[in-house]
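Chain A is already provided as a structure; the job is to place chain B on it using the hints.
Note that the protein sequences, when read in sequence, are chains A and B.
Following the working numbering, the numbering of the first sequence begins with 889 at its first residue and continues without gaps.
Following the working numbering, the numbering of the second sequence begins with 315 at its first residue and continues without gaps.
Just so you know, the hints here were simulated from the structure itself, not pulled from any lab data.
Note that this is a predicted model, so its numbers are computed, not measured.
All the given hints hold, so there is nothing to weed out.
Quick list of in silico lysine to aspartate or glutamate cross-link-like pairs, DMTMM-like style, CA-CA up to 25 Å:
(1) K985(A) with D384(B)
(2) K985(A) with E534(B)
(3) K995(A) with E329(B)
(4) K985(A) with D429(B)
(5) K995(A) with D429(B)
(6) K959(A) with D943(A)
(7) K539(B) with E1097(A)
(8) K995(A) with D384(B)
(9) K985(A) with E329(B)
(10) K995(A) with D406(B)
(11) K995(A) with E348(B)
(12) K995(A) with E409(B)
(13) K985(A) with D434(B)
(14) K325(B) with D351(B)
(15) K995(A) with E403(B)
(16) K465(B) with E1097(A)
(17) K995(A) with E534(B)
(18) K424(B) with E356(B)
For reference, the chains in residue letters:
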Amino acid sequence: MPVVPDPKPANSSERPQPLGSTIGRKVVMALSGAVLVGFALAHMAGHLKVYAGRDDYNAYAAFLQGLGGLKWLVRFGLLAALVVHVRSGLTLAARNKGARPHAYAVKRAQRSTPYGRTMLLSGLVFVAFLIYHLAHFTLGWVHPQYFALKDALGRTDVYGNFVRSFQSPIITGTYVIATAAVSMHVAHAASSVLRTLGISSGALRRSCERVGPALGVLLFVGFASVPVACLLDLVKP
Amino acid sequence: MRLQLHIWRQKNSREPGRLVPYAVQADEHMSFLEMLDVLNAELIRKGEDPIAFDHDCREGICGACSLVIDGVPHGPRAATTTCQIHMREFPDGAEITIEPWRAYAFPVVKDLMVDRSALDRIIAAGGYVSVRTGAAPDANAIPIGKNTAEKAFDYAACIGCGACVAACPNASAMLFVGAKVSHLALLPQGQVERTARASRMIAAMDAESFGGCSNHGECEAVCPKSISLDAIAKLNREFMRAVATGES
Chain A
889 MPVVPDPKPA NSSERPQPLG STIGRKVVMA LSGAVLVGFA LAHMAGHLKV
939 YAGRDDYNAY AAFLQGLGGL KWLVRFGLLA ALVVHVRSGL TLAARNKGAR
989 PHAYAVKRAQ RSTPYGRTML LSGLVFVAFL IYHLAHFTLG WVHPQYFALK
1039 DALGRTDVYG NFVRSFQSPI ITGTYVIATA AVSMHVAHAA SSVLRTLGIS
1089 SGALRRSCER VGPALGVLLF VGFASVPVAC LLDLVKP
Chain B
315 MRLQLHIWRQ KNSREPGRLV PYAVQADEHM SFLEMLDVLN AELIRKGEDP
365 IAFDHDCREG ICGACSLVID GVPHGPRAAT TTCQIHMREF PDGAEITIEP
415 WRAYAFPVVK DLMVDRSALD RIIAAGGYVS VRTGAAPDAN AIPIGKNTAE
465 KAFDYAACIG CGACVAACPN ASAMLFVGAK VSHLALLPQG QVERTARASR
515 MIAAMDAESF GGCSNHGECE AVCPKSISLD AIAKLNREFM RAVATGES
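Here chain A stands alone, though its shape is the one from the complex (with noise of 0.2 Å):
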């Protein structure tokens, strides 16, 4: 068994960064990813345009195509938060892993629920599809047999684009498994955010720590569920 190092002394001059400590990094890591559900819901409630028809979606693509620099802006403010957030998550998952070395034979959980538990796995699953995602959708690197259809009035046909990838089962499946990776996450981190920033607690509690779990299953009905629907052929290309 490993020895308890000695503690360093409590004063002043030896003591850690604030945003250094287990709960510095805790805070930086739930106020990065209020920003990534911030976005996530933005981003849910857009494609969800993609019932409303070809002309309207593709006129919200190339509205926020239009943005120029602030288009620039938010995509470089989601991945400063995306990288400060996984940074902070390994760091604290490594430290949590450190203060157990010795597992328990036998350890019955009580509270904690799978996907709190699976914070970390979920996490790298949404990464990794997230380079996927980007390079399918923003760079056309993958699928990119629909990448270049223009619509009637010449703009990019975003709405072909994602209809047609989305008929196919192996495509449509990768983002399901995915949102079901992200709305696990959020089910517990938005509860887990709310605690962090000292907000969960007294009357506040039990509200808090339902917005999770509501938030995981709206994000998972309203990202599933269209490219589900191009699936089963309800949106039409």
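Just chain B now, with coordinates in the frame of chain A:
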């Protein structure tokens, strides 16, 4: 009643341990620790090394007893210490696994006994109110509202047993530190050192290599004193307060 036990045996903190099977004849009215006493008496009679485990008051108030019984710190009954568990909780012929608290910060001393002085060092870093000793002040000299007093008392109920650390998938001590910081942050006597206390205790907690809180809630579920997760939310608020006031 006849029981089949699997008990963690470990000579000291350096040598690896293992689960050893024991059969014991117990009475359903015995407490869990009395059942171990019976087993130990038998081991001593046979000239074997008795099983080392922590215990002191045996009435649920000292925080010394510390067994993980079938994967749950302090065993099957909520809001109850190991010493207050009775054998009637288990069916006749039960197979029970008994392990020590497991955390890097709690090295095994022997068998089921771990060194929990990491928690004492966190307290020494700031879990107190500095007052001039002398004559005791009048009991009601400082008025404290009923709700505040009750809240502070709920946090003060922590007996420092470390079950929160043992239950946490990250071996985090946040519930313990949260209870101590919150208790004193709520009372007028604790205000002078409030921010410095929070920063020092958090730094001491990190220095002991406890994990971080992932908000699973396992700690609250096993706490024999039912300390609420609100303690952790409050600790997070106290941390941000310390950062905001530049006293972290």
